[in-house]
Structures are given as structure tokens and as C-alpha cells.
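Undergrad: Read in our numbering, the sequence shown has 244 at position 244, and its numbers run on one by one without any break.
No lab work stands behind these hints: they were computed from the structure.
Only a predicted model underlies this, so the values are computations on that prediction, with no experimental measurement involved.
We put the beta carbon where it would ideally sit given N, CA and C, even for glycine.
Please note that a few of the clues may not be correct.
Claimed, not checked - For lysine to aspartate or glutamate, the following EDC-like pairs were computed, each having C-alpha atoms within a straight-line distance of at most 20 Å:
1. Lys155 <-> Glu208
2. Lys79 <-> Asp66
3. Lys154 <-> Asp66
Stated by the list, open to error - Cβ-Cβ distance ranges computed for the label pairs, FRET-style:
4. Glu151 <-> Lys79: 23 to 31 Å
5. Phe285 <-> Tyr184: 43 to 51 Å
6. Ser33 <-> Phe308: 21 to 29 Å
7. Ala268 <-> Leu226: 18 to 26 Å
8. Ala189 <-> Trp130: 19 to 27 Å
9. Asn118 <-> Arg234: 31 to 39 Å
10. Arg234 <-> Lys154: 37 to 45 Å
11. Phe308 <-> Ile282: 21 to 29 Å
12. Lys210 <-> Phe285: 32 to 40 Å
13. Lys79 <-> Ile303: 27 to 35 Å
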Amino acid sequence: MDRNKNDYISFASIISAFAVVVLHTNGCFWSFSKTARYWKTANIIECVFYFAVPIFFMISGATLLDFFQRYGLREFLIKRIRKTVVPYIFWSLFGLGFQVYYLKNVDKEMINGKYIINGLLSGGHVSIYWFFIPLFCAYLSIPLFAALAEELRKKVLCYMAIICFLLNCVMPFLNSVYRIQIKYQFSVAAGSGYLLYLILGYLLYKYEVKDKVRYSIYALGIVGLLMHILGTYRLSMAAGEIVPTYKGYTNVPCILYSVAVFLFVKYAWGGKATSVCLVNRIMYFLKDYTFGVYLIHWYIIQIAIREFDVNTQSIYYRLGFPFAIVAVAIVLIQLIRKIPFGKSILP
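Please build the complete structure, drawing on both the sequences and the hints.
TA: This is the structure:
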């Protein structure tokens, strides 16, 4: 990987980490109100920053689908365990204790071996850690993609991306939107769920995209975003509750939008804005904290809401507080990394 590619991947990781924080400070989206103004803005914020999780998977595909060119399977697994599994287990158990003794929303009498294991296997000890379970499954699948011969990889992965998008995503989406009730049973398991993002991330990272195709993808990304915003708004207002027809990380609107964002970051990187020295210094500083911010930002949000009586429906909180959360998280990460085993739990 050349330096420019590393740079834009780091930048994509930074904006995705920030987007995750915004999504969680914008949690009032899930408290639907047909009349309150906050839900309308919350819907827009939710949809605009929805690319966060897909881009994290695309980055994994971009950086790992050719890992055999750098190291073997054993080292690949060891790296994944050290960088993600160990921190996940520690912070999940810490989160369980946090909820029992600080938030007091989990009864101590419920805690036993079965409860702990179920929580770890489902990501249930901390609600935002659901992300780790599909991520671990994706890691276990990556060696199968990485084993493809390099001369065949582009053709095979392009074929899989097209087939999986059409059969696993487009057809169920059309069934859901138009309620045509076709008994549809075709799907391609090899690219199901978040695996499609691994493939798309690798292809977009590895190969150049012609201008006409790129601009078409941007246009489709805007269409996907508008479908998500307007479709969710219209259906939810009519039903009096949140209708998820246009939502979902593996749904068509999100895929179109997330691919466009990832591609835009790739080709925008190196332009006038990102060539400014200060921008580069900030990016190089932040890139080592993105995973740590994801791991601990939830705790900061919970403490702030509990201790400072934050108005979580305020637009200033939802858009301004994420900057404060990231700043506090970085300070905490620096401190934790200085203690023994600190870098193991916040790599």
C-alpha cells in the first residue's frame, strides 16, 4: 500500500469513528414523535451519518483481503485476536460492571456464568458492541477471499459483488418496498450480510474507477441517502412509529450511500483541503485513536447524561457534543495506554 492510500484509509477511519459518536448522541431518533421538531432533524442526522459501520467493514476488506501477501494465516488470526477480541472481552466485562454498579440497570442477582457468556457471544453487555459479532464472523471469512489467486481476484470479486448485491439486497428491498410478496429464496451465502462490504471495500481500494462510473456512483449515493431520509420520514409519519423499510446497514439505500462516501474519500484525498499541513497533522494524530474512541465513547455519553442532566434532544448536544466526547476519549486513551496492559485493551 502506498502512502496516499494509507492516508485516505486513515481519514476514512477517522470520519467513520466520528460518525459513530454522532449516531449515538443522536439516539433520540429512536424515540419517535410525530409532532416534535427534534425527530425530523434526528432522522436527517441519523441517515447522513449512517455510513459509519459500513465503511469500517469496507476498510477491513481494503486492508485485509490480500493479507497472504504480507503474512500467514496464523499471524492473521493472532493479530485479529490481539487488536479486537481482547479489547472486546475486556470492555464488555467492564461495561457489565459499569451497568451493575453505576447505571444500576442490571441486577446483580442476574449475573452468572451463563449470563456472562451469552452477553459476550451476542455483544449484549454493551449495546453498541453488537458490531463486534459480525466483525468477528467477517474476520473468519476473510482467509477464503484472500486465498483467491491474485490474477483471478478482481474478476471473481466483481462477479460476487454484483450477484450478491442483486440477489441478497436489491430483490428483498423491492419485495419490502412494493410489497409484491414474491416467494423469493435466492441468495448467495458467500457474500451475505456484511461480507459484501469487505468485497466492495477491497475492489474500490485496489482498483481505479473511471470518471463516468465514479460520478454515477456519487449520483446513486445521493439517491440512496434521499431514499433513506424521505422514505423513513414518510412511512414513519404515516404509521406513527419508526418504519425500518429503508433502514438497515445491508439495505440498498445504505449500500449505495456508503459506497459513494468511501469512493468520494478516496478521490477527494490529496485535494486542496487535505493538502493543508494542519489537516494532515490532525489526521496523523487522530488515526491512532479511532478504535479506542469507538470502545469508550459510550461510557462518556452515559456519564455526561447522568451527571450533567443533558438535554439529549437538543440539536446543540447532538451535533456539538461529539467533538467534546472525542476530545475526552483521546485524553483517557492516552492515560490508559500508560498503565500496564493499557495498550492491550486500547490498541
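Undergrad: Provide an ascending list of the numbers of those earlier hints which the structure does not satisfy.
TA: none
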